[in-house]
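S.K.: Protein chains in written order, with the numbering used here: chain A, 1 to 407; chain B, 408 to 814; chain C, 815 to 1221; chain D, 1222 to 1628.
Don't read these hints as lab results, they were simulated from the structure.
There may be inaccurate statements among the hints.
[As the list claims (entries may be wrong)] SDA-like cross-link-like pairs, simulated, lysine to any residue; straight-line CA separation at most 25 Å:
(1) K1623(D) x A194(A)
(2) K698(B) x Q1170(C)
(3) K415(B) x F817(C)
(4) K1623(D) x P546(B)
(5) K1620(D) x E69(A)
(6) K1512(D) x T1210(C)
(7) K812(B) x Q1170(C)
(8) K698(B) x A194(A)
(9) K1219(C) x Q763(B)
(10) K49(A) x N148(A)
(11) K1512(D) x T955(C)
(12) K806(B) x N298(A)
(13) K405(A) x K1626(D)
(14) K1105(C) x A297(A)
(15) K402(A) x D954(C)
(16) K698(B) x D1516(D)
(17) K1512(D) x D1010(C)
(18) K1105(C) x Q17(A)
(19) K1105(C) x I1246(D)
(20) K402(A) x I1310(D)
(21) K698(B) x S1364(D)
(22) K698(B) x H1244(D)
(23) K1620(D) x A194(A)
(24) K1626(D) x P546(B)
(25) K1144(C) x F410(B)
(26) K1621(D) x E69(A)
(27) K1512(D) x V388(A)
(28) K1216(C) x D759(B)
(29) K1620(D) x L274(A)
(30) K1626(D) x V388(A)
Protein chains: 4
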Amino acid sequence: MDFEYTPKVQELQARVQRFMTDHVIPADAEWQRIAEAGGYPLAVVEPLKERAKAEGLWNMFLPGLHDDEPGTRLTNLEYAPLAEIMGRIPWASEVFNCNAPDTGNMEALHIFATPEQRRDWLMPLMNGKIRSCVAMTEPDTSSSDPTNLQTRIRREGDSYVINGRKWFITGAAHPNASVFLVMGLAEERMDNAAHDRHSIVLVPFNTPGVTIVRNIPIMGHHSPDGHCEILFRDVRVPATNLLGQEGAAFALMQARLGPGRIHHCMRTIGQCELALELMCDRAMERMTFGKHLSDYANIQDWIAESRIEIDQARLLVLRAAWAMDKYGNKAARTDVSAIKVMAGRLQTRVLDRAIQVFGAGGLTPDFPLAYLWTWGRALRFIDGPDEVHLRTVARTELKKRKDAKRT
Amino acid sequence: MDFEYTPKVQELQARVQRFMTDHVIPADAEWQRIAEAGGYPLAVVEPLKERAKAEGLWNMFLPGLHDDEPGTRLTNLEYAPLAEIMGRIPWASEVFNCNAPDTGNMEALHIFATPEQRRDWLMPLMNGKIRSCVAMTEPDTSSSDPTNLQTRIRREGDSYVINGRKWFITGAAHPNASVFLVMGLAEERMDNAAHDRHSIVLVPFNTPGVTIVRNIPIMGHHSPDGHCEILFRDVRVPATNLLGQEGAAFALMQARLGPGRIHHCMRTIGQCELALELMCDRAMERMTFGKHLSDYANIQDWIAESRIEIDQARLLVLRAAWAMDKYGNKAARTDVSAIKVMAGRLQTRVLDRAIQVFGAGGLTPDFPLAYLWTWGRALRFIDGPDEVHLRTVARTELKKRKDAKRT
Amino acid sequence: MDFEYTPKVQELQARVQRFMTDHVIPADAEWQRIAEAGGYPLAVVEPLKERAKAEGLWNMFLPGLHDDEPGTRLTNLEYAPLAEIMGRIPWASEVFNCNAPDTGNMEALHIFATPEQRRDWLMPLMNGKIRSCVAMTEPDTSSSDPTNLQTRIRREGDSYVINGRKWFITGAAHPNASVFLVMGLAEERMDNAAHDRHSIVLVPFNTPGVTIVRNIPIMGHHSPDGHCEILFRDVRVPATNLLGQEGAAFALMQARLGPGRIHHCMRTIGQCELALELMCDRAMERMTFGKHLSDYANIQDWIAESRIEIDQARLLVLRAAWAMDKYGNKAARTDVSAIKVMAGRLQTRVLDRAIQVFGAGGLTPDFPLAYLWTWGRALRFIDGPDEVHLRTVARTELKKRKDAKRT
Amino acid sequence: MDFEYTPKVQELQARVQRFMTDHVIPADAEWQRIAEAGGYPLAVVEPLKERAKAEGLWNMFLPGLHDDEPGTRLTNLEYAPLAEIMGRIPWASEVFNCNAPDTGNMEALHIFATPEQRRDWLMPLMNGKIRSCVAMTEPDTSSSDPTNLQTRIRREGDSYVINGRKWFITGAAHPNASVFLVMGLAEERMDNAAHDRHSIVLVPFNTPGVTIVRNIPIMGHHSPDGHCEILFRDVRVPATNLLGQEGAAFALMQARLGPGRIHHCMRTIGQCELALELMCDRAMERMTFGKHLSDYANIQDWIAESRIEIDQARLLVLRAAWAMDKYGNKAARTDVSAIKVMAGRLQTRVLDRAIQVFGAGGLTPDFPLAYLWTWGRALRFIDGPDEVHLRTVARTELKKRKDAKRT
C-alpha cells in the first residue's frame, strides 16, 4: 500500500497544471464572455487543443492501445489526478480532448466499432475534429430503471428507423457535434429479458427527422454546449450504423460508464478544492464585528469539515480507479456506484458552505460557486440518481453477508 | 391557546384562494412567457391589481390605520396565512399590492414620512401606481454587520449628496420602480455610535447620477423585476428627502423589517407546501422497478419529514406574528431572527427532496422547483445571513440564563 | 388563534412549578442515592404523593369525568404544559400520579373496565395505591408491525391461559406493581383480520407462571422501576379478567396511546429545556484559549438551533393536544405520529450538543445529560419505531393528495 | 500509489484473524460474564496473552527497534489493519499487548526513559507483566486547551510532590495497573511559555496519597479496567521519576499521541464493520408488513451509506498512518486531527443506524451495539474534543492558503 503518486503521475500533474496556468486560466475570461453572449467559444478552444495535442497532453483518459489512435494513454489511476486538475475550469477538459461524453463514446467505439465506424467516427473524435452525444435519458422514464426506455429502433430492410424523445443530451449544442449514440428499444428484441431488449445506433446530426427542441437550463444555468431535448421522428440510418449487437445496449453502456464516472468524480474533487480555496481566501479577507470570518469557530468548522471530506472523497475515487485497472470495470461496479453517490453529495455540501462564506456574492455569476453548486446538484442525477446507486451498494453488501453466512 | 384560524381569517383565506384559482393561476403561463422573453408582464399584472383592489383584497399587510390609506388592514397574525397562499406564485403578491420591498417601504413611510413624503410616495405606493426599492446591501460589506455600510450621504446646503455602490436591490428593474430608500453613512454623524451614524434618504429613480449597472442573476435565475447593482455617483436630492432623522436609519429599518420577515417566511411555507404537493403527485405517478416511487420507504420518509417540518415551521412563524401583534416589533426581534434562520433552511431542504423525487426534470424550468430552491438558498442571506440571526438567538438565550441566575 | 396559555393553565403551571421547586427537586439527591444503591425510593415518593394529592395536583392527565374518580381533570392541551414541568425530573410524574404507563392504563380502564375491574384495579390506581404495566412488546416481533405479536391467550372454560415472552415492560420492577395488561393473540380469533385477532387480559403480578426474568438496562442505564423481560408460562386468570372484547386489543390500545404520546413528548420538551439551560450555564463558565465557550460561534449556533427546535417542537405537540381535544384521538392519529418522530430526534440532537459543551463530564452520571440522551434514543422505539410513524404520516399525506385530485 | 495490503500485512491479517476466531471470540462470553459480575477477567486474558506472545503476535504497534524489547515491530501502516481486526472485541487488544493506554506509554518510555525507568517500567510493560495509566485529564479544565491543567508538581529536594485531581484515567481499575504517567504544572517552570510549563512524572500506584475515587461510567457503561477519578494528595516520588525534561510534557505527549489515535481510529473501523455486518444480518432476518427489513429502501440507504463512509474512513486513517511512517508524527499532526474527528462521528452514525435496524433490542446489552455507540460518543472527547481538532485542521488549511498567496 502506498499513497504517493508515481513519479510519472507527478510529472504529468505538473505538466497539466502548467498548461492550465499558462494557457487555460488566462483564456477563461474570454471563454466566459463569448459563452454569455450566446456563442460557443471555438475561437478560444481550438488553438488550445492544437497546443495540447502538440505537447502530448491528449486523449489521456483511454487505457488500452491501438497503434493508430493518437494520444497518451494512461491507466485510470494515472489519469484520475489529471482529471482533478482539469475539473477546476469547466471547459478545460475539451482542450485535452478529455471531455464528457466524448470520452465514454470513444471508449465504446474503441471496443465495439466496426472498421468503417472507427474510420468515420472514432478517428475524427480522437483527433478532436468532431464531437458526439449519447442519447439515452428520456423525459417520461425514470433513469433509475433504464430498462423502461421507450424510444423505438425498428429494423426496416437495410435501415433502422428511430422514433422517440430524449433529453439532457449533453453536448448537442456544440457547433462540432456530429453524431448521436441513440439507445432505444429494439422492436425485434422485445421478447428478450429486460436488459437484452435495447440497441445502440449511430445517428449523424444532419439526418432528416432529428430536431433539437431546446437547450435545457440546469438549475437556471445554460451550458453553452448544451443539455438538449431532442426529438427523433422517423429517423432512418443504414443498418451498418448499429453499434455492437442488437439488444446489447446495456452491456455496451456498462463498458463506457465506469471510467466516465471516475472522471466526473475527480473533476468534482477539483471543483471542491477550488471552492475550499476560495472559501479560505474570502474568510481571511472579510470582517464582521471586528473579526475576520476565518476567526469564527463555525466557519473554521466548515473549512475543516470540507478538507476532511474532500480528502476522504479523493481516496475513495482513486481506489475505485485502481480497482478498475486491476480487476476490470465489472468488478469495480459497486465501487463506482459508491463514488457517484458520494461525489454529488460532497459537491453540494462543500459548495453550500463556500457560498455561505461569500455572502450574497456567492449567489452571483461573479464567482464560480453558484454554477459549481448547480453542477453538483445535477451530479446527483447524471449517470443515474443517488437512489439507484445506493441500492446497488446495499445489495452488494447484503449479498456479501449472505455468502459469508453460507460458508 | 387556540390553533384555529378565526372565522374572519378563514373567510379571507377562502377569498384569496379563490382569487388565486380564478385569476392568478390561469394567468401564470402568460406571465412566464413575457418574463422569459425579457419583458415585465405589466399587461398581466395591472388588470389583476384593479380587480383585487375592487374586491377589497388590497394592502392587507399593513396593521394600523390612517383613514386616507386605501386597503383592508389586518394584524400580522391575520395576514400571515394569506401571505402563505400568495407565496405559491412568485409574482402573486404584487397583484394584491403586498409585494416586497414595497410592503416594508410603505410601513416605514406610514410611520416616518412627512406630509409631503406621504403625498409624493406613500399614497402612490398604496394605490399601486409606483414601486419602490431599498438600497441597503453593498458588495464590499458583509450584511451580517451593516454598521460597516460605506455609501456616503453628505449634507450640502439644502441638499444631500450620495455616493456609493449598492447591489441586490430588489425591484429596481420593475418598469414602475420610482424611488429608492437609500441607506448610507451620514457624513455629519460619523462620530456617533455605530448604530447612530446612518441616514435614509428618498432618491427618485430619474435623479442624475443614478446608474442601474446590471440585474444580477441569483443562482442562475433572473428575476424580471430585478436584484440590481446600482451606482450612485454625486446624486443630489433636496434635504427634505431625508426620511426620519439623520443617523436614525437603523431604528427606522428595524421598524420595517420585522413584518417583512414574517411575510417572507409565510411565503416560504406556501412554496414548501406546493413542493410537497408536487413531490407527492410525482411519487404516485412515477415507477421504477415495478413500483411507484410513493411505495419506497425512503421517499415516504422524505414526504413525512417534509410534512412535519412544514407544520412546525408554520406554527413558529404564526407565533412570531402573534408576538409582534401583542408585544411589538422590538419585543419579537428574537422570534423573527429564529423564523428567518428556520425558513431558508426549510425551503432548501424540502425543495431538495422534491427535486430528487422529480429526477432530472426537477432541475429544469419545466417545474417551479429549481427556481424555488434558488429562492430558498437566497433567503439564507436576504435580510441578514443565518449566522447573524443565530447569534441573536443565542445571545438572547444566554442573557435569559444570566438573568435567571442573578435572581 | 392564540398562543397564550389560559389563566387557568398559567395558575396550574405556577403551582406545579412551585411544588417541584419546594418538594421534588430538594428530594432528588436522596431519590438518586437510594436508586443507585439498588432500591426503589418509596420512602421519598410516598409522602410527596400524599402532599400532591392534598394540594389537588393529582391525576391531572385524565380528561372526562366520573364523579367517583379522584383528581383534577384537565384537557390534553391544559395538561401538556404541566407534563413539560414534571418531565425535568424523571421520577416526578409519579408524585402527581401522572406517570407512564399507569396514565394510559387508567385511561383504558376508565373507558373499558367492568364495574368489578374498576373497583379492583382502576380505583387503586387512581388513588396511587398500586402500579400497573402494559405487556405488549416481544423480543421476536418488530414493534413496527404489532399484528405479528405471538403471545397466546387461550380460552379454557372460565379461564384464559397465557403463554409468551414480553420485554421492555416498563414499571415491572416497581415494588407496588400489581397488574399487567397483557396483549396477545386470542386463539379463538385467529381467523379474524390482522387487527382483530388480539385481546387484552388483566394479569395480577402474583399469578403462578409469571416470571420477571430481568430488568433490562437501556443503553447502559438501569431504571429503578424497570424495563423488564417477563415470561408468561401457562398463566391462568378468570375469564372476567378480559378487558373489553375479545379481539379488540388494537382498538383499545389506540384509545390509551394517543394521550400517552403527548405526555412523553411534553416531558421531552421539558428535558430539552433543562439540557439547554445546562448547556448555556456551562458555556458561560468554561474557558478555552482565553475565551468563554459561550463566545465561540459554533457553540452559539448549537444554542440557537436548540432554542429554535425546542420552540417548534412544543408548538407541534401543543397543536396535537389541541387537535385531540377538539377532534378526538382517532382524528389526531397522524398528528401524534408526527410528534413522536419529532420528539425522539429532538431529544438526541439537543442532548448531544449539550454533552459536547460539557466535555467528558457530559458522559458521566454527575450530570443528567447522559441519562437524558439515552432516554431520547429509546424514545425512537417506545410506542413504535420512527419508521412506522413516518410511514403513517406519509400515507396520510399521499391520501390527502389523492383525494384532492379526485375532486 | 497502490491500495493493496502488502503480502506481509495480508499474512499478519490472516494470523490475527485466525487467533481472534480460534481463541478470543470463543472466550468472549466468559470474559463478559466475569466483567458483569464486577471482576476483571484475568483468568481469561492471561493464558491468551501467553499464547499470543508465543505466536509472535505481540507488541506489534511499536515502530522502531531496540534489540532487547520483545515483540514484532511493524510500521504504523502495517499495524493499522491489525488494530481494525482486534478492535471488534473491545478487550482483544490486551491479549496482544496492544491496548491503550499502554501502547502510548510504551512509546513514550521507549523514547524518553532513563535506563532505570526502562528496567523498572518499560520492560515489565512490554512483557505484559504490568499495566500503566496516563493521568492527564482534569474535571475542572477543558481538554481542548490542556495548557490550563492545574495539577501541581513541586520539586522538594530529591523528590517531586504532586497535588491534583484527575479523571477519565483509563485502565486505573485494572488489577495489574502499576504506574501513572502524571502530567502537571511544574511549579518551578510557571514563568515559561504556556506549552513549556508542564512535566510528566512516573507515580507508582501504591504511592501514599494516591486515591482511586471511583470508576466513572461512560454513558451508563462501566469499563472493567476503568475510566477512574484519581486524587493525588501530597504524593511524593523520587526526582528520578521525572520522565524526560521538566517542562517538556507537551512535546512528550505529542510523541505518544499520534500512533495511539491511529489505533483508536482503526479499532473504530473494525467496530463499524461489525455493526454493519450485524445490521445486514438483522435486516435479512426481521420482517415487517410482510417484507424483510433489507427490502426497504430506507434501510438499504443506511446500509449503503455506512459502507461508503466506512471505506472512506479506512482510507483516510491508512493514509495518516502512511504519512506518519514517511514524514514523522509531527508532520502528520493535522492528518491525525482529521481522522480523530472523522472516526467518532462515523462510529456514532453507523451505530445509530444499526441500533435502529435492531429495534429496541439494539438498546440492550444482548448485542454489542449500545456499548459500541457509547464508545463512539466518548471518542468525540478522548484525546481532545472534536472542536479542538477541527480548529487544527482549519488553521492548517488557512495557513496553506496564506502561504500560497504569499508566493
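S.K.: Each of the hints needs a verdict: does it hold here or not?
M.R.: How the hints compare with the structure:
| no. | hint | result |
| --- | --- | --- |
| 1 | K1623(D) x A194(A) | violated (56 Å) |
| 2 | K698(B) x Q1170(C) | violated (43 Å) |
| 3 | K415(B) x F817(C) | holds (18 Å) |
| 4 | K1623(D) x P546(B) | holds (23 Å) |
| 5 | K1620(D) x E69(A) | violated (45 Å) |
| 6 | K1512(D) x T1210(C) | holds (21 Å) |
| 7 | K812(B) x Q1170(C) | holds (22 Å) |
| 8 | K698(B) x A194(A) | holds (16 Å) |
| 9 | K1219(C) x Q763(B) | holds (22 Å) |
| 10 | K49(A) x N148(A) | violated (39 Å) |
| 11 | K1512(D) x T955(C) | holds (13 Å) |
| 12 | K806(B) x N298(A) | holds (21 Å) |
| 13 | K405(A) x K1626(D) | violated (56 Å) |
| 14 | K1105(C) x A297(A) | holds (12 Å) |
| 15 | K402(A) x D954(C) | holds (21 Å) |
| 16 | K698(B) x D1516(D) | holds (13 Å) |
| 17 | K1512(D) x D1010(C) | holds (21 Å) |
| 18 | K1105(C) x Q17(A) | violated (43 Å) |
| 19 | K1105(C) x I1246(D) | violated (48 Å) |
| 20 | K402(A) x I1310(D) | holds (22 Å) |
| 21 | K698(B) x S1364(D) | violated (53 Å) |
| 22 | K698(B) x H1244(D) | violated (48 Å) |
| 23 | K1620(D) x A194(A) | violated (55 Å) |
| 24 | K1626(D) x P546(B) | holds (23 Å) |
| 25 | K1144(C) x F410(B) | holds (18 Å) |
| 26 | K1621(D) x E69(A) | violated (41 Å) |
| 27 | K1512(D) x V388(A) | holds (20 Å) |
| 28 | K1216(C) x D759(B) | holds (23 Å) |
| 29 | K1620(D) x L274(A) | holds (16 Å) |
| 30 | K1626(D) x V388(A) | violated (42 Å) |
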